[in-house]
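In the order they appear, the protein sequences are chains A and B.
For the first sequence, position 368 matches number 368 in full-length UniProt numbering, and the numbering has no gaps at all.
For the second sequence, position 25 matches number 25 in full-length UniProt numbering, and the numbering has no gaps at all.
Check before you lean on any hint, since a few could be wrong.
Claimed, not checked - Dumping the calculated BS3-like pairs for lysine-lysine here, alpha-carbon to alpha-carbon at most 30 Å:
1) A:K273 - A:K284
2) A:K102 - B:K169
3) A:K62 - A:K182
4) B:K169 - A:K133
5) A:K205 - A:K102
6) A:K205 - A:K182
Rather than coming from a laboratory, the hints here were simulated on the basis of the structure.
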Amino acid sequence: MASISLQGAQKSYGDHQPVIRNVDLEIGENEFCVFLGPSGCGKSTLLRMIAGLEDLSDGQLKIGGRLMNDVPAAERGVAMVFQSYALFPHMTVFENMAFGLKLAKTPTATIAAKVNQAARILQLENLLDRYPKALSGGQRQRVAIGRAIVREPGVFLFDEPLSNLDATLRGQTRIEIARLHKQFAAASVVYVTHDQIEAMTLADKIVLLHAGKDMEQHGSIAQIGAPLTLYHRPVSRFVAGFIGSPRMNFLPAQVSAIDSAGVEVALDQTGEKLRVNVSGDQLKPGQAVTLGIRPEHLESAPPSAVPPTQIIRRPISLIEALGEHSYLHLNAPEQPVLIAKAPGDATVKVGETVSFVAPAHACHLFTENGFAVPHLESHP
Amino acid sequence: MFPMPVEHWKPLNRRIYKLSLPIALLIWLLPMIAVMVTSIRSTEELTEGNYWGWPKHFALWANYHEALTTSPMLHYFFNSVMITVPAVAGAIALAAMAGFSLAVYNFRGNTALFATFVAGNFVPIQILMIPVRDLSLHMGLFNTLPALILFHIAFQTGFCTLFLRNFIKQLPYELVEAARIEGAGEWTVFFRIVLPLIRPALAALSILVFTFVWNDYFWALCLTQGDEAAPLTVGVAALKGQWTTAWNLVSAGSILAALPSVLMFFAMQRHFVAGLTFGATKG
Chain A
1 MASISLQGAQ
11 KSYGDHQPVI
21 RNVDLEIGEN
31 EFCVFLGPSG
41 CGKSTLLRMI
51 AGLEDLSDGQ
61 LKIGGRLMND
71 VPAAERGVAM
81 VFQSYALFPH
91 MTVFENMAFG
101 LKLAKTPTAT
111 IAAKVNQAAR
121 ILQLENLLDR
131 YPKALSGGQR
141 QRVAIGRAIV
151 REPGVFLFDE
161 PLSNLDATLR
171 GQTRIEIARL
181 HKQFAAASVV
191 YVTHDQIEAM
201 TLADKIVLLH
211 AGKDMEQHGS
221 IAQIGAPLTL
231 YHRPVSRFVA
241 GFIGSPRMNF
251 LPAQVSAIDS
261 AGVEVALDQT
271 GEKLRVNVSG
281 DQLKPGQAVT
291 LGIRPEHLES
301 APPSAVPPTQ
311 IIRRPISLIE
321 ALGEHSYLHL
331 NAPEQPVLIA
341 KAPGDATVKV
351 GETVSFVAPA
361 HACHLFTENG
371 FAVPHLESHP
Chain B
1 MFPMPVEHWK
11 PLNRRIYKLS
21 LPIALLIWLL
31 PMIAVMVTSI
41 RSTEELTEGN
51 YWGWPKHFAL
61 WANYHEALTT
71 SPMLHYFFNS
81 VMITVPAVAG
91 AIALAAMAGF
101 SLAVYNFRGN
111 TALFATFVAG
121 NFVPIQILMI
131 PVRDLSLHMG
141 LFNTLPALIL
151 FHIAFQTGFC
161 TLFLRNFIKQ
171 LPYELVEAAR
181 IEGAGEWTVF
191 FRIVLPLIRP
201 ALAALSILVF
211 TFVWNDYFWA
221 LCLTQGDEAA
231 PLTVGVAALK
241 GQWTTAWNLV
251 SAGSILAALP
261 SVLMFFAMQR
271 HFVAGLTFGA
281 TKG
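The whole structure should be built from the sequences, with the hints applied where relevant.
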């Protein structure tokens with residue numbers, strides 16, 4: 001129902017350095033947008049700026065095409081689910097959910113119909129007469145969501161809504177939110193989280209934010225894109241390291257050869273040569289770069305692989321066996337750790353030297369200033 | 001660990017404690033008991049000098065009846081009510097609004113203003129006696145009920161604001177934000193969200209202020225002359241004669257004067273709900 005547009009948005013408190021810099025962002029109607037970032041990156045602040053709970057120090061905010069900088073929260077037509085739920089403790093579940101509708105002078109019969117419908121969707125029908133103190137954490141969370149959806153707003157804002165729930169409930173509620181989003185297809189959603197699983201599974205679009213030094217240098221936004229774009233084609237070392245768990249391996253290397261099919265680099269520690277499918281236009285032979293490869297993209301190679309290309313050989317220093325798969329920590333003493341994902345039934349032992357293939361298309365190259373060297377073809 | 005439960009004390013200490021507690025209680029309550037017993041003693045007994053013995057016959061009805069009818073007690077009572085109720089309501093209404101803005105809004109000078117409210121409580125009210133009396137004379141309010149109402153409101157609001165501001169500050173601020181997002185204006189936030197949640201504080205404060213204003217003798221004496229605007233406290237004092245004092249009547253009057261504060265306490269007790277905000281946020 002309403003798109004959100006931020007132009008040059010900036011936030012600073014008093015005379016201090018801005019905590020949010022240069023945010024240009026378009027969130028379309030019906031888009032599920034997730035703000036993701038390390039703690040202290042200002043993702044909640046950005047959400048609160050959209051909600052009208054914080055002023056913009058600079059820049060413009062438009063919701064549904066209307067300039068909202070000076071419009072109070074009450075008139076922005078947004079609904080928000082708080083991290084702490086923020087249910088009104090002196091009101092029953094019904095009254096909590098009806099609060100906004102009552103203020104909007106909705107007829108009583110309509111209020112009852114809407115609240116009952118929302119209660120049915122959220123399985124709160126039997127709890128409508130209860131007070132928040134008589135509810136469990138998950139139920140409170142659903143009431144908070146119910147309070148947001150009964151008003152059928154153009155914009156839903158979620159501020160880390162699942163962080164106070166236990167793991168099982170978090171998974172369930174995540175699925176529920178995804179389902180609700182499909183039901184309320186007209187509304188756009190902005191969802192703040194530090195949990196990348198939530199971000200990857202829910203988002204149409206992820207906005208990954210910088211914190212601290214990176215923010216001062218490059219602005220608040222690290223990358224905007226679909227979840228798989230951020231995973232496969234990170235634009236910087238920060239994005240590559242933030243998305244994915246365990247994080248991407250970073251190995252210092254030097255450019256050894258450049259041709260039209262890609263770039264060949266030699267690892268600093270071992271001299272192993274690896275090809276990477278990136279454009280060499282901006283690179284020079286001998287230039288220091290960082291090679292990135294995700295643990296799950298390292299493929300186990302038979303010891304006798306011929307020809308020995310794209311091979312990384314390392315002794316195993318530690319095995320984290322998680323059952324379905326294991327993480328192998330590969331490094332000789334004094335070497336940085338390289339993590340590889342192996343099947344859970346792999347029969348390897350600590351101390352054994354193993355070989356892994358690092359496919360050229362799965363490797364990333366980062367220049368010294370942290371930017372990714374563009375890939376030659378788009379990701380699958 | 002301190003304090004240690006009484007059951008874990010040494011037997012001797014426990015026995016001393018159990019003996020000394022009722023004695024201390026008795027000594028502490030003695031003046032109260034004396035007033036209550038005197039209020040049902042007959043005049044003859046008092047003239048005979050039986051101050052502390054068990055009353056020989058009870059003059060309950062006679063004493064209270066006389067206290068109520070021979071002096072303008074009901075008039076004083078009416079004055080007390082007419083002073084206390086508006087003063088309590090006014091002070092708390094003003095303080096709730098002031099406390100709300102001091103707790104919720106982040107405006108320039110907020111801290112300074114709050115500090116002024118706090119500092120005002122440190123001014124000894126006695127030094128204001130003459131200026132306030134002069135002021136009320138100039139305003140033409142001397143010896144009227146509005147004079148007492150106004151000055152009680154003015155003096156009580158400072159403390160009430162301090163108390164309520166701190167109480168409102170303790171509420172989860174998300175509740176205010178959530179209400180605003182739901183479309184509530186500031187008055188709605190105040191009346192529909194904040195006021196219901198500070199009900200225990202309002203009840204406690206209203207008892208405190210009620211008792212203070214109801215029992216006030218100092219300002220009543222400063223700002224009234226004669227019976228016209230005098231409240232109960234002044235009235236009870238007036239029961240004292242110039243040469244002799246009917247102590248049984250003064251006692252009966254005092255008990256009557258004290259009753260409303262006690263009743264007020266019981267009336268407000270049900271509002272003392274502990275943990276009213278429980279369940280607002282994560283449990």
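Hint check:
At roughly 16 Å between alpha-carbon atoms, K273 (chain A) and K284 (chain A) fall within 30 Å of each other, so this suggested pair holds. Distance hint between K102 (chain A) and K169 (chain B) is fulfilled; the C-alpha atoms sit about 27 Å from each other, no more than 30 Å. Using a Cα cut-off of 30 Å, the hinted pair K62 (chain A) and K182 (chain A) holds, with the two alpha carbons roughly 24 Å apart. For the given pair, K169 (chain B) sits about 21 Å from K133 (chain A) by alpha-carbon distance, which is consistent with the 30 Å threshold.
Restraint check: the Cα-Cα separation between K205 (chain A) and K102 (chain A) comes to about 34 Å, which exceeds 30 Å; the hinted pair is violated. Pair hint K205 (chain A) plus K182 (chain A) holds up; C-alpha atoms about 15 Å apart against a cutoff of 30 Å.
Figure legend: structure checked against the earlier numbered hints; the only hint not met is number 5.
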